[in-house]
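Sequences are here, hints too, so could you generate the full structure?
Chains as they are written, first to last, in the working numbering: chain E, 1 to 162; chain P, 1 to 287; chain F, 1 to 756.
No wet-lab data here; the hints were simulated from the structure.
Don't take every hint at face value.
[Claimed, not checked] Now the stretches of chain F that chain E is said to cover, found in silico as 3 or more residues with beta-carbon under 8 Å: (1) 10-21; (2) 104-115; (3) 188-195; (4) 427-437; (5) 604-613.
[As the list claims (entries may be wrong)] Each pair of labels, with its calculated beta carbon distance range: (6) P:G80 <-> F:T178: 32 to 40 Å; (7) E:D119 <-> F:L756: 39 to 47 Å; (8) E:V156 <-> F:K219: 43 to 51 Å; (9) P:Q14 <-> E:D119: 36 to 44 Å; (10) P:L234 <-> F:L756: 24 to 32 Å; (11) F:R746 <-> P:T63: 22 to 30 Å; (12) F:S7 <-> E:G159: 24 to 32 Å.
[Claimed, not checked] Some chain F residues judged to face chain E by a derived CB distance under 7 Å, without partners named: (13) D36; (14) A39; (15) M42; (16) G240; (17) G490; (18) V494; (19) G657; (20) A695; (21) S704.
Source: prediction; values computed, not measured.
Note that CB positions come from ideal geometry on N, CA and C, so glycine has one too.
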Amino acid sequence: MSEHEIYTLRINGDEHHVKDAWIGESLLYVLRERLGLPGAKGACEQGECGSCTVVLDGDAVCSCLVLAASAVGSEIATVEGLSPDGSLTDVQQAFIDEGAVQCGFCTPGLIMAVHHLLDHNTTPTELEVKEALSGNICRCTGYGRIFAAVDKVVSVRLGASQ
Amino acid sequence: MTVLLPTSLDEALQMLSEHPSADLLTGGTDLMVEVNFNHRKPTTVIALRQLAELHTWSIDQQTQRITIGAGVPYAEMEHGPLADALPCLAEAARTVGSPQIRAAGTLGGNLGTCSPAGDGLPVLSALDATIHLSSQSGSREISFHDFMTGPKRNARQPGEIITSVSMNIPTGWQGYAKVGVRNAMVISVASACLVIDSGSNSKDNDQPSVRIALGSVGPTIIRCRETENWWNNLPNAEKRSASVIQEFGVRAGQESRPIDDHRSTAEYRRHAISVLSSRLLHRGTQS
Amino acid sequence: MSSVSTSTRQRDVLGTSALRPDGGAKVQGSFAFSSDLWAENMLWGATLRSPHPYARIISIDTTAAWKIAGVETIITHEDVPGQLTYGLISSDQPVFAKDFVRYMGEPIAAVAADHPETCRRALAAIVVEYEVLTPLADGERALDPTVAPIHPDGNVIRELQIIRGDQSATGPIVVEGTYELGIQDQAFLGTEAALALPDHDGKGVDVYVATQWLHEDQKQMAACLNLPVDKVRLTLGGVGGAFGAREDISLQVHCALLALRTSRPIKMQYGREESFFGHVHRHPAKIWMRHHADADGRIIRVESRMLLDGGAYASTSSAVLTNAATHAQGPYKCDNATVYSYAVRTNNPPCGAMRGFGVVQACFAHESQMDKIAAAARISPVEVRLRNAMETGDLLITGQPVESVAPVARCIRETAALPMPDELSPTPDPLELPGGSGRTADRQHIKRGIGWGVSIKNIMYSEGFDDYSTARVTLQDGVVTLKFATSEVGQGFVTLAPQIARTVLGVDQILIDPMDTSIGSAGSTSASRQTWMSGGAVDGACRLVRERLFERVGQQHNIDPLRLAIDRTDVVDTMGDLRISVAEATLGQRFEETFEYHHRPTEDLDENGQGNCHVAFAFVAHRAVVDVDTELGLVKVVQVATAQDIGRALNPLSVVGQIEGGIAQGLGLAVMEEIIVDNGRVQNPSFTDYLLPTALDAPVVVASFVEEPDPQAPLGAKGVGEPPCISVTPAIVAAIRDATGKDLSRVPVRPYDICL
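The following block contains the structure:
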């Protein structure tokens with residue numbers, strides 16, 4: 001593909017056409033500036049903060065490090081896809097209820113990382129939670145309330161499954 | 001700029017032969033940082049992430065030789081049969097960046113960039129890995145030791161794609177350690193991979209030999225051959241003694257060639273290598 | 001007797017852990033941070049910055065840049081229509097460098113273009129000819145009067161001495177040390193961003209920006225843009241953290257000027273690297289301290305010499321210095337003081353406000369000293385602090401009586417009573433050990449240490465500054481609308497303000513209008529002041545509205561308004577039967593009041609540093625438990641226990657958030673965060689090498705609230721934002737000393753400080 005071709009990305013189950021883009025744009029840039037999906041945030045441009053976390057073909061990755069044009073043919077999930085009708089997931093609600101949101105800049109990336117963790121591990125240990133979230137920097141909360149939110153979701157889900 | 005999306009290795013090699021100076025992209029954890037910071041303006045990028053041929057690994061049970069595709073992400077090396085076969089690689093993989101980086105980063109990428117701080121590289125060195133490259137004109141193999149030629153310099157020729165690495169699974173203990181200032185997401189200040197080959201199959205003739213490779217303390221990964229030879233030639237009864245283990249560390253430190261930079265000092269790095277090397281050997285000789 | 005409400009539904013009033021009203025938007029990613037804003041027909045702006053820490057500008061040639069397709073305009077100092085400089089205290093910082101650049105990263109020009117990539121190309125095409133000069137990089141040299149000034153205002157920003165009591169008082173215990181702190185960065189995640197929309201006639205501009213103080217930005221911008229203040233209209237764009245870094249102007253004037261020049265909306269946004277250069281940092285400091293004490297470890301005199309390197313421009317250095325110097329004694333009784341302090345100008349990165357504001361530096365010094373006194377007196381670190389603990393009414397070394405409640409001993413005792421963490425397991429998971437997944441240590445390599453830190457922190461502004469906050473409250477048809485310019489940076493004022501209104505007015509449905517300059521100033525979100533000041537303003541306006549409401553109801557029902565009260569969501573006659581819901585009482589009615597809250601006046605300091613210069617104080621104690629790999633010098637902070645003097649918990653969940661977040665920042669300063677500068681050049685402007693604590697670095701935090709309501713505070717609550725990050729740093733360092741026996745005197749502690 002070259003400079004001004006249109007390419008298509010599949011995001012949250014929908015096809016999005018990217019036009020007039022400079023082909024070197026990251027997926028983060030395309031989501032935010034081309035496709036009206038500003039949920040993923042950019043705070044470092046080098047994969048060191050996790051604010052831009054999306055799920056790409058089932059893997060939680062930093063969208064600032066994905067060349068958008070190379071994601072043609074992949075399934076991309078962003079935070080906007082979690083609550084398309086405005087109703088919150090249990091993870092999102094727990095973040096609010098447990099005080100895990102202050103400025104909120106890290107929040108979408110963390111929500112994606114937490115969902116990804118719990119989709120693969122329904123009973124993570126404390127260390128497994130911390131390791132899974134070690135790529136998401138939060139500068140406001142010190143992580144305590146974030147861990148509390150994850151614990152809440154896990155225990156409610158376990159309770160519900162019994 | 002052009003982005004090419006081959007669907008097979010053959011197609012990728014064809015594209016690369018037409019654009020020999022193209023950048024190869026899999027996980028993007030190095031290349032995209034350069035693009036984001038405007039340090040690199042690729043004209044052509046060939047994206048390899050979708051190539052199934054690179055995203056596979058296998059063990060030849062007969063020869064105990066393992067082959068890992070250049071596109072296997074680090075996250076897949078942390079658990080499961082691949083980790084069981086190569087625990088030192090699993091340990092190294094676990095220290096790479098963050099979970100998000102591990103889902104994207106690959107050995108192929110580590111080799112393509114060839115930074116002395118590349119977390120997987122000390123493992124390849126210690127395991128005497130072979131690097132497999134393909135081009136339109138064929139395939140070739142090259143030892144890791146000949147592949148990495150300097151800091152961020154390697155022996156890949158234009159038109160070549162790194163397709164896999166292969167190595168013999170060590171018969172004895174293997175481990176990896178990496179020093180960073182915080183407890184996650186660290187660029188290595190100093191790292192080491194140590195493997196022990198237990199020698200003959202008979203316990204009476206047990207003649208363990210060691211291989212140790214150091215990261216972030218030289219222009220390339222450093223194999224401590226002098227230290228290895230010294231230890232390998234010691235009487236077996238002495239190999240496990242505390243003073244020998246201590247001296248092993250000192251000698252490994254002396255083979256390192258660290259520099260001062262904003263991350264750390266040469267003195268600390270050398271000291272850290274000594275400590276890591278001793279500790280790894282201690283772990284290896286306890287079991 | 002009054003009637004009784006039958007409702008038992010819990011309401012989100014003061015004292016409850018009410019949830020943030022913006023939480024829903026934030027978890028969905030739909031909350032509009034400044035960097036998410038967008039306007040039709042907008043251009044992107046970008047800034048050209050100096051690569052040199054000190055140079056004379058010989059020429060700036062933008063010719064080639066103008067020729068690039070997509071470039072709309074380029075501006076330099078020549079295009080600044082009004083005042084060429086700005087600044088929070090003295091206006092010494094150029095909008096664009098003119099004759100000199102004085103720090104690496106100083107802005108020289110800005111461009112507006114159709115795409116950030118075009119901007120980058122345009123910036124690269126601007127040719128600046130420099131005469132590179134040798135930077136003044138040593139703060140001590142800045143004090144030398146024979147060294148040439150790097151700025152017309154000179155190399156000394158401020159000198160402050162505090163001389164009190166017997167200047168030769170001494171005792172059997174004399175301990176001293178020189179303590180150093182490196183440069184810490186606020187590292188908020190939401191980097192600088194703004195959107196500027198010019199008026200059609202070019203005579204005004206609307207700016208949406210993430211900032212800590214809308215009105216102060218407005219004032220400085222108007223002066224530089226040569227516009228009347230009411231033509232520079234600022235609205236708060238969503239803020240992704242601040243911690244002091246948004247107190248100074250960064251991109252505001254540049255963005256507005258580009259908009260006015262192009263007659264088009266301009267979006268500006270810094271990347272992380274630019275952000276490191278785009279805002280002020282915490283002052284690095286060198287503090288010598290000597291304590292004289294009696295044989296029981298009671299302080300007789302404190303001596304100190306403090307040197308704070310303010311970098312190239314003055315920013316708030318003079319106020320930071322006041323805080324550092326006036327807090328030299330710590331939260332301890334002290335009758336005699338000899339303190340000399342200096343804030344100097346160098347070609348190092350400009351420094352200004354960061355959470356703690358000068359007290360972080362003083363606290364590291366005085367807490368390190370307290371442990372030395374304890375050792376000399378052969379008592380424990382806890383005992384030495386209890387023996388010296390300040391009490392309500394004690395005097396600061398400035399002569400000011402501490403009228404705020406000062407529960408220092410209680411903070412220490414309650415912290416000491418908090419449970420210790422479990423011993424390290426004999427077979428720990430590698431992630432529990434220092435070094436984490438790097439697997440550098442085994443169990444036998446680890447030593448555990450315990451350390452203490454206690455702090456006093458002034459709340460609000462000082463030295464005669466008439467600080468105030470404004471709020472307007474409207475009650476109509478049972479709905480309250482709040483209007484204020486208070487910057488919400490994540491701390492939760494948008495949660496607290498409705499809690500106040502619910503409590504005072506008995507209404508549950510609260511709307512918050514946009515924060516902008518159409519109402520009076522709320523002052524800065526800093527100095528732990530907003531709960532007190534803006535909370536006081538909202539409370540004051542609510543009370544006025546309630547007064548009007550009671551007058552009305554009293555008139556309608558022929559009851560003396562003094563008998564009326566709010567009970568849950570009803571207006572009740574406390575001496576009769578009337579009970580009418582506020583909704584019903586305000587049907588078809590509109591009550592609106594604006595209130596400006598001022599704190600009581602403060603004084604300047606005289607030439608001996610004497611004067612009642614602060615408003616109020618808060619106290620906190622921290623106990624840190626660390627595990628150290630002593631051979632490699634790697635540290636894991638296991639637990640931080642704390643009892644914090646908060647006055648009153650208006651929202652316990654928010655308080656915990658501030659405590660845990662502040663502790664993480666203090667931990668960062670203790671063991672991993674530093675902007676490394678070599679001869680004025682920043683070496684590590686990225687998150688790869690400026691390390692922030694991750695989820696695996698966070699300690700377990702055990703916190704206790706000390707609630708002794710402050711009679712001065714409008715809601716009984718003290719500010720809680722800064723104390724958590726102050727004494728935790730020396731507590732962690734003290735714990736590392738305990739584990740290693742090393743006499744550490746610098747933060748951040750580096751591995752080689754511990755093991756080599």
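Verification of the supplied hints:
no.	hint	verdict
1	10-21	holds (count 3)
2	104-115	violated (count 1)
3	188-195	holds (count 4)
4	427-437	holds (count 4)
5	604-613	violated (count 0)
6	P:G80 <-> F:T178: 32 to 40 Å	violated (54 Å)
7	E:D119 <-> F:L756: 39 to 47 Å	holds (45 Å)
8	E:V156 <-> F:K219: 43 to 51 Å	holds (50 Å)
9	P:Q14 <-> E:D119: 36 to 44 Å	holds (38 Å)
10	P:L234 <-> F:L756: 24 to 32 Å	holds (29 Å)
11	F:R746 <-> P:T63: 22 to 30 Å	violated (55 Å)
12	F:S7 <-> E:G159: 24 to 32 Å	holds (30 Å)
13	D36	holds (4 Å)
14	A39	violated (13 Å)
15	M42	violated (11 Å)
16	G240	holds (3 Å)
17	G490	holds (3 Å)
18	V494	violated (11 Å)
19	G657	holds (5 Å)
20	A695	holds (4 Å)
21	S704	violated (15 Å)
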